[in-house]
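*Asks:* Sequence:
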Amino acid sequence: MSFVTALRRTSVAMAAGLTLAGASTHSAHAEYPERPIRLIVPSPPGDGSDVLARNVGKAMGDVLGQSLVIENKPGAGGSIASDITAKAAADGYTVLLGNASTHAVTPGLYSKLPYDSEKAFSTVSLLASAPNVLVVNPALPVKNIGEFIAYAKANPGKLNVGSGGNGSLSHLSAILFNSMAGIDIPHVPYKGAAPAVTAVMGGEISALMINIPTVSQQIQAGKLRALAVSSLERSPALPDVPTLNESGLKGYNTEAWFGLFVPAGTPAPAIAKLQSAAAAALKNEAVLTNIRNMGAVPKDLKGQAFADFVKAEATKYRAIIKQADVRID
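Under mature numbering (1 follows the signal peptide of the UniProt record, and there is no 0), read the sequence shown as residues -30 to -1, 1 to 299, first letter to last.
Careful, some of the hints might be misleading.
Derived DEER-like restraints, expressed as beta-carbon distance ranges [said to hold, decoys possible]: (1) Asn114 <-> Gly162: 23 to 31 Å; (2) Val39 <-> Asp295: 37 to 45 Å; (3) Asp61 <-> Pro84: 19 to 27 Å; (4) Pro15 <-> Asp295: 29 to 37 Å; (5) Gly116 <-> Arg5: 51 to 59 Å; (6) Pro159 <-> Lys193: 19 to 27 Å; (7) Gly152 <-> Asp61: 46 to 54 Å; (8) Lys89 <-> Lys128: 44 to 52 Å; (9) Gly16 <-> Lys128: 34 to 42 Å; (10) Ala275 <-> Pro239: 14 to 22 Å; (11) Gly116 <-> Gly162: 26 to 34 Å.
DMTMM-like mimics (lysine to aspartate or glutamate), calculated; alpha carbons at most 20 Å apart, straight line [what the hints assert, rightly or not]: (12) Lys123 <-> Asp154; (13) Lys28 <-> Asp270; (14) Lys253 <-> Asp20.
Please keep in mind that the hints were generated in silico from the structure rather than gathered at the bench.
No residue lacks a Cβ here, since even glycine has one placed at the ideal position from N, Cα and C.
Could you put together the complete structure from these sequences and hints?
*Replies:* The structure is reproduced here in structure tokens:
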């Protein structure tokens, strides 16, 4: 082999090597996202949080240039959806629409979960929060929280409070209400919000702590009387209804909330892009309309602030659950 031929072959080999190295470098630093993203939803199709997920997912997809594909995985207090997310690859292509139940209530209710709720996830962004409302049958001779508490103390055993199910957020909200008000009104769980609403309208139960959209029409029609909402600030959906916080139960605050989570270890650049897309989604009119229809308000909280919020919520509900000895399994 001549020197010239050998030199040519060496040059070709070096060029090929540089080409492969360049391709490898491009692959390693490929622009995220390159393919559709799974958005895991812990509720069935048509549920309020599912509708929120679809609106948020559409808006985020428009920003990211890739679709967010909804996967409904309801059941077990959201732990099925959480488990799927926790065990997915930490690459930014699996996102969970978590909520107060999945990340604050369920970890305290279930003695064993197939994942570590504190270590399995990284927070992305809080999207929205929505208070419950305490309603009573109009026949009950009370028009505000002060009168309700006074009536309960003067008539022991005559009142009860319903919820959409044992261990539900409405149940835990009622437990906290009893504790802060210094009363002991028995809890009556129902299999869902609809039968609970029917029960309080029919006088089967005295009161009900439930999300606002479920009873807004009945409140407007005078079939139920709203005494107070559970958030620290008044709800735009019921601006004339005071909060429990301003009605004598200082600091009372329980809200349903919805936010995005990814598997722990997801690269920071991917999380940052998801956060930017979520912030843009909260400026989208379709998303804002959906949030308002849920009786909620948008909340753009991200990073460590969102992580601290989730931790505080979990601590709060663990204390309520332990105090009342509420268990699911």
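*Asks:* For every hint, state whether the structure bears it out.
*Replies:* Here is how each hint holds up against the structure:
The beta-carbon spacing between Asn114 and Gly162, approximately 28 Å, falls within the hinted interval of 23 to 31 Å. At roughly 41 Å, the beta carbons of Val39 and Asp295 sit within the given window of 37 to 45 Å. Roughly 21 Å separates the CB atoms of Asp61 and Pro84, a value that falls within the hinted 19 to 27 Å. The beta-carbon spacing between Pro15 and Asp295, approximately 35 Å, falls within the hinted interval of 29 to 37 Å.
Take Gly116 and Arg5: their Cβ atoms lie about 57 Å apart, and the range 51 to 59 Å holds. Distance hint for Pro159 and Lys193: a CB-CB separation of about 22 Å, consistent with the stated range 19 to 27 Å. One distance hint, 46 to 54 Å for the beta-carbon pair Gly152 and Asp61, holds here, with the actual separation near 51 Å. The beta-carbon spacing between Lys89 and Lys128, approximately 47 Å, falls within the hinted interval of 44 to 52 Å.
Here the CB-CB span from Gly16 to Lys128 is close to 38 Å, well matched to the stated 34 to 42 Å. Range check, Ala275 to Pro239: about 19 Å between beta-carbon atoms, so the 14 to 22 Å window is met. Judged by the Cβ atoms, the range 26 to 34 Å given for Gly116 and Gly162 holds: they are separated by roughly 31 Å. For a cut-off of 20 Å, the pair hint linking Lys123 to Asp154 stands: about 9 Å separates their Cα positions.
With a CA separation close to 17 Å, the supplied pair Lys28 and Asp270 stays within the 20 Å bound. A hinted pair counts as satisfied when its Cα atoms are at most 20 Å apart, and Lys253 with Asp20 qualifies at roughly 19 Å.
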